[in-house]
Amino acid sequence: MSMKQAVKLRRPVLKQLTQASLQNEIVLSHSIWVRIFHWGFTVSLTGIILTGLILHQPPNFLVLNFGKVFIVHLASSWFAMGFVALRITDAILRRDNSLIPKIEDLKHFPKLLGYYFFLRPSPPPNRKYNSGQVLMYFSWFLLFLVASLLGLASYWQGKHLLWVWHMVGGFQVLRWIKFAVTIYFLATIPLHIYLSLTEDISRLQAMVTGYERKPPP
Amino acid sequence: MLSRRDFLKLVVEGAILGNFYQLITPPLAQAVAAGEVNKLPVVMIETGTCTGDTISLNNIWTPTFSDILTDILDWRYDWTMLQAQGDVAIRVLEETYEKMPHEYILIVQGSMIQRDGGHYNHVGFKNGKLITGLEMVRHMGLKAKYVVAIGSCATYGGPAAGYPNPSQSTGVQNILPERRVINVSGCPAHPDWIMGTLLHLALYGEPELEKFGRPKLFYKETVHNRCPRRRFYDQGIFATEIGQKECLYRVGCKGPVTYADCPIRRWNDRFNWPIGCNTPCIGCTEPGYPDLMSPFTAHSPDIPFPGGTKVTTDSIGLGVLGLTSVAIIGHAVTSLYKGRIHKNLLKTSLKGKHQPTVKKVKTFHQYRLKKI
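These protein sequence lines map, in sequence, to chains W and C. Counting along the first sequence from 1, when you hit position 213 you're at 213 in my numbering, and nothing is skipped either side. Counting along the second sequence from 1, when you hit position 62 you're at 62 in my numbering, and nothing is skipped either side.
If you're looking for bench data, these hints aren't it; they were derived computationally from the structure. Possibly wrong hints are sitting among the right ones.
To be verified - A few chain W positions that, by computed beta-carbon distances, are all more than 10 Å from chain C:
#1 Ile88
#2 Leu99
#3 Pro110
#4 Arg213
What the hints assert, rightly or not - Computed list of lysine-lysine pairs in DSS-like fashion (alpha-carbon distance at most 27 Å, straight line):
#5 Lys178/W - Lys145/C
#6 Lys178/W - Lys39/C
#7 Lys220/C - Lys159/W
#8 Lys39/C - Lys145/C
We treat Cβ as the ideally placed atom computed from N, Cα and C, and that holds for glycine.
Take the sequences, apply the hints, and build the full model.
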């Protein structure tokens, strides 16, 4: 099934859009499950990162009940894993491979960098997501799975996932990898927000309404 | 004789009451008198070590160390305890090897030094040739009933394997992959951990081991889980300097990542332990100690870079975030200057038929005469 679907808009909305002599085509960009995943994951990942940083280094200016901070951390982690599972299921059911990098994405990546570094006037052609987005989202997906595995290993304290402990080599290394993953997320999420706000505001709108305006083919 | 379940109960009870040996002695004495205890021969080989574990092991109060050794175990070879020396001593070792194969316990204390074939660590002299620790441990280990590594060095390399590890030191398990090594880690290992493991081996065989080969009866839970200052942590009340009475997490306590029963067993005949005297746990029972645990006053280990420089984990994190911020701000400013943000926003947000295009135009400056 194509990502672009026939739009079923309510009649008054359609009327208004016709009156406004809309030039572009309205397409369904993000299904409801993708939007639920996106915003649910946003909230839960924010919870994980903030509580994780507090647990890592208790701030001087904040006196919090650490028992509760830990519970929020754990609950956010379970929710985040649930949302990722939802997204994977949705992708499998819709046969959506838009987040899996292809060779052409790697080929387009230098050109995209050229655009971001103001060496090209426009970005290269892309699939649903441009090559930078695909690579970044895919890396998030992989790193989240790694962090989840490490999180579960430490959650079960050696009762399960013994192979993870053996592979990693101890709690301190596990903790360090989780910290490194956090830093990666913290470094790339602002980039994602910045580019979402400045490159294609219609795409951002689509993450709320589901619909995006695109030039007619 | 005591059942294994009763023995495990006594291990915990003895830790809480501080009289493990007093509790264990009467049933053991009965078992010894009834001939139920099969005295296991023990040989201890010291490789790259400071002998700290022997000192720790000797720090048993009641009953005396000699009582346990003579009644429960047949302590045959140990540098610190030996009365013989030279060929006579080596002969005891060889006798044990030849006459008691698969009967004796091999205790190894100290890291396995691998550099240059192990020739930085000699543990004996036989037939006019120096024997390395590597050779001796492999030789004795392959025919031992149990191999027990005591102390951080023997278990995971310990301080001897610290960065940059010029002696290429490692733990016993790495040079004896054919055998399951029982790791009694710690720097030094607590006397109860060593003797409790030996007692378990003598009475009930191999104890249940946890993920890194340590007996679960001593290394099942983290220090943090049983710490008497856990309530401070849960409430977010932290010491800001070493020496204060609150939770020492902020000053680098490794209790949350360290598996040991120090909080209930404590040290020096249950007199005190590190957190009891207001210093953080340094995580000496964990693999990777001391590199992964240092600096002892910070949570995460410093990262070594080529040339010997070490940078703190937090500095690396802040550096990466700083770079990202600079990159985003720089890009935003350049985009504003070049008009890219305007162009993108107009292109993707306006909806008329005739979309206006944005073009950067030349700016004309107006000049006025200055009134004098």
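_Name the hints, by number, that the structure is in violation of._
4, 5 and 6
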